[in-house]
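This is what each chain is made of:
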Amino acid sequence: MSESLFRISPGFEEVMPVEYRELVTNGPCGREVGVSDLGTFKELIEEHPLCAGCNMGLALRLILASLPKPEDTVIVGSTGCSSLAFTQVAVHNIHSLFGNQNAVASGLKRALRLRFPDKVKDVVVIAGDGATVDIGLDMVMQSWFRRERITTIMLDNEVYANTGGQESGMSPQGTVLNMAPLGKRFPKVALPEIAREAGCAYVATISPAQPKRLERMVRRAILTAREVGPTYVQIFCPCPTNFKFRPNEGLQKIKQRQKEGTFQVREYVSPEAQAFLAELEGADHEK
Amino acid sequence: MYVAAKVEVEKCTGCKLCILSCPEPNVLRYLPETKQVAVNQQRCKGCGLCVTVCSKDALTVSSI
Ligand SMILES: Cc1ncc(C[n+]2csc(CCOP(=O)(O)OP(=O)(O)O)c2C)c(N)n1
Ligand code: SF4
Ligand SMILES: [Mg+2]
Numbered sequence: 001m002s003e004s005l006f007r008i009s010p011g012f013e014e015v016m017p018v019e020y021r022e023l024v025t026n027g028p029c030g031r032e033v034g035v036s037d038l039g040t041f042k043e044l045i046e047e048h049p050l051c052a053g054c055n056m057g058l059a060l061r062l063i064l065a066s067l068p069k070p071e072d073t074v075i076v077g078s079t080g081c082s083s084l085a086f087t088q089v090a091v092h093n094i095h096s097l098f099g100n101q102n103a104v105a106s107g108l109k110r111a112l113r114l115r116f117p118d119k120v121k122d123v124v125v126i127a128g129d130g131a132t133v134d135i136g137l138d139m140v141m142q143s144w145f146r147r148e149r150i151t152t153i154m155l156d157n158e159v160y161a162n163t164g165g166q167e168s169g170m171s172p173q174g175t176v177l178n179m180a181p182l183g184k185r186f187p188k189v190a191l192p193e194i195a196r197e198a199g200c201a202y203v204a205t206i207s208p209a210q211p212k213r214l215e216r217m218v219r220r221a222i223l224t225a226r227e228v229g230p231t232y233v234q235i236f237c238p239c240p241t242n243f244k245f246r247p248n249e250g251l252q253k254i255k256q257r258q259k260e261g262t263f264q265v266r267e268y269v270s271p272e273a274q275a276f277l278a279e280l281e282g283a284d285h286e287k
Numbered sequence: 001m002y003v004a005a006k007v008e009v010e011k012c013t014g015c016k017l018c019i020l021s022c023p024e025p026n027v028l029r030y031l032p033e034t035k036q037v038a039v040n041q042q043r044c045k046g047c048g049l050c051v052t053v054c055s056k057d058a059l060t061v062s063s064i
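First to last, the sequence lines map onto chains B and G.
At position 223 of the first sequence (counting the first as 1) the number is 223 in this note's numbering, and the numbers step up by one without a gap.
At position 17 of the second sequence (counting the first as 1) the number is 17 in this note's numbering, and the numbers step up by one without a gap.
Please note that the accuracy of each hint is not assured.
[As the list claims (entries may be wrong)] In silico DSBU-like links for lysine-lysine, alpha-carbon gap of 35 Å or less:
| no. | chain 1 | residue 1 | chain 2 | residue 2 |
| --- | --- | --- | --- | --- |
| 1 | B | Lys69 | G | Lys16 |
| 2 | G | Lys6 | B | Lys259 |
| 3 | B | Lys69 | G | Lys35 |
| 4 | B | Lys244 | G | Lys56 |
| 5 | B | Lys212 | G | Lys56 |
| 6 | G | Lys16 | B | Lys244 |
| 7 | G | Lys35 | B | Lys255 |
| 8 | G | Lys11 | B | Lys255 |
| 9 | B | Lys42 | G | Lys11 |
| 10 | B | Lys244 | G | Lys11 |
| 11 | G | Lys6 | B | Lys212 |
| 12 | B | Lys244 | G | Lys6 |
| 13 | G | Lys56 | B | Lys42 |
| 14 | G | Lys11 | B | Lys212 |
FYI, nobody ran anything at the bench for these hints, they're computed from the structure.
Please put together the full structure from these sequences, using the hints given.
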């Protein structure tokens with residue numbers, strides 16, 4: 001598979017939707033475009049049904065623009081708000097049973113390595129915080145223990161948003177939600193620390209308020225997963241609908257949490273990943 | 001949608017900050033000819049995030 005993924009069979013150009021044709025003539029595949037070029041090329045995501053002002057929608061746009069090789073990437077998703085957007089994503093993607101995403105991704109990555117031994121195929125999990133830290137934690141941890149060469153990206157809105165507002169392991173202590181009226185009784189799970197201890201070669205926390213940094217982290221995570229080991233990126237994307245703030249306040253909310261110290265941008269790179277990235281980025285620099 | 005963002009061409013400097021703050025794909029586009037940003041109002045949900053990042057006050061959200 002390559003850029004030819006989107007090619008239209010001769011004679012069918014006229015009947016394909018205009019959005020698809022634009023993907024062929026002005027899509028990102030096979031070109032050196034990234035987050036800074038957004039707005040000048042046809043994105044790999046189309047009009048989606050996420051709420052107005054959804055930070056997860058923004059995070060998804062940024063992640064998709066950051067993929068090092070979208071035409072050779074398979075995304076594994078899970079149930080939740082993000083899954084509503086994946087029907088509009090022009091990258092191979094699998095919707096797995098809620099919580100199973102890292103097991104599906106592990107098997108898929110192994111199968112792709114057998115099937116295409118000479119090619120690079122990136123397998124990237126993109127799932128909500130509930131799917132990652134609660135219901136799928138077993139599969140997430142096993143994929144890290146076993147050093148599966150996959151990237152796990154959590155869209156952390158600190159709530160089970162799609163089912164109307166239950167607390168998740170990632171909700172901060174005291175969080176009151178539609179279906180957590182008494183407030184959460186235990187603290188936010190320290191999944192980045194757990195990821196590091198469980199064997200991830202690269203771990204980062206970021207938000208869509210810093211798009212270029214997000215791009216760099218997603219790329220580093222995916223490239224490290226190719227050669228070194230499992231990687232984890234946690235993206236903080238507050239949900240206006242469940243936390244009941246205005247749709248235009250999302251980015252301010254992130255900054256406010258940063259100021260309070262309850263959200264921090266962090267990066268951990270294992271020594272092996274450090275050596276790998278230094279070589280890779282050094283070579284890029286010389287180009 | 002019923003409300004959507006609008007660009008004031010006199011104020012837009014084409015910095016593209018708004019494009020990197022919009023949750024909607026392909027809605028804010030950069031036009032290299034004019035070096036400015038344009039909105040696809042049919043697809044804009046009017047959330048107003050772009051307004052909060054524009055330092056030139058070139059964006060507003062109103063009924064369409
Ligand atoms: C096996 C299974 N259990 C429960 C559900 C119900 N369910 C659907 S979405 C969801 C919450 C998702 O929360 P999260 O992963 O944080 O994603 P968000 O909607 O917040 O993006 C739940 C519990 C389901 N679909 N399948
Ligand atoms: S409920 Fe929250 S996370 Fe889900 S689409 Fe709406 S704003 Fe986004
Ligand atoms: Mg969630």
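Going down the list of hints, with the structure as the test:
no.: 1; hint: B:Lys69 / G:Lys16; in the structure: holds (24 Å)
no.: 2; hint: G:Lys6 / B:Lys259; in the structure: holds (31 Å)
no.: 3; hint: B:Lys69 / G:Lys35; in the structure: holds (28 Å)
no.: 4; hint: B:Lys244 / G:Lys56; in the structure: holds (28 Å)
no.: 5; hint: B:Lys212 / G:Lys56; in the structure: holds (21 Å)
no.: 6; hint: G:Lys16 / B:Lys244; in the structure: holds (28 Å)
no.: 7; hint: G:Lys35 / B:Lys255; in the structure: holds (29 Å)
no.: 8; hint: G:Lys11 / B:Lys255; in the structure: holds (26 Å)
no.: 9; hint: B:Lys42 / G:Lys11; in the structure: holds (26 Å)
no.: 10; hint: B:Lys244 / G:Lys11; in the structure: holds (32 Å)
no.: 11; hint: G:Lys6 / B:Lys212; in the structure: holds (25 Å)
no.: 12; hint: B:Lys244 / G:Lys6; in the structure: holds (25 Å)
no.: 13; hint: G:Lys56 / B:Lys42; in the structure: holds (26 Å)
no.: 14; hint: G:Lys11 / B:Lys212; in the structure: holds (25 Å)
Of the numbered hints stated above, none is contradicted by the structure.
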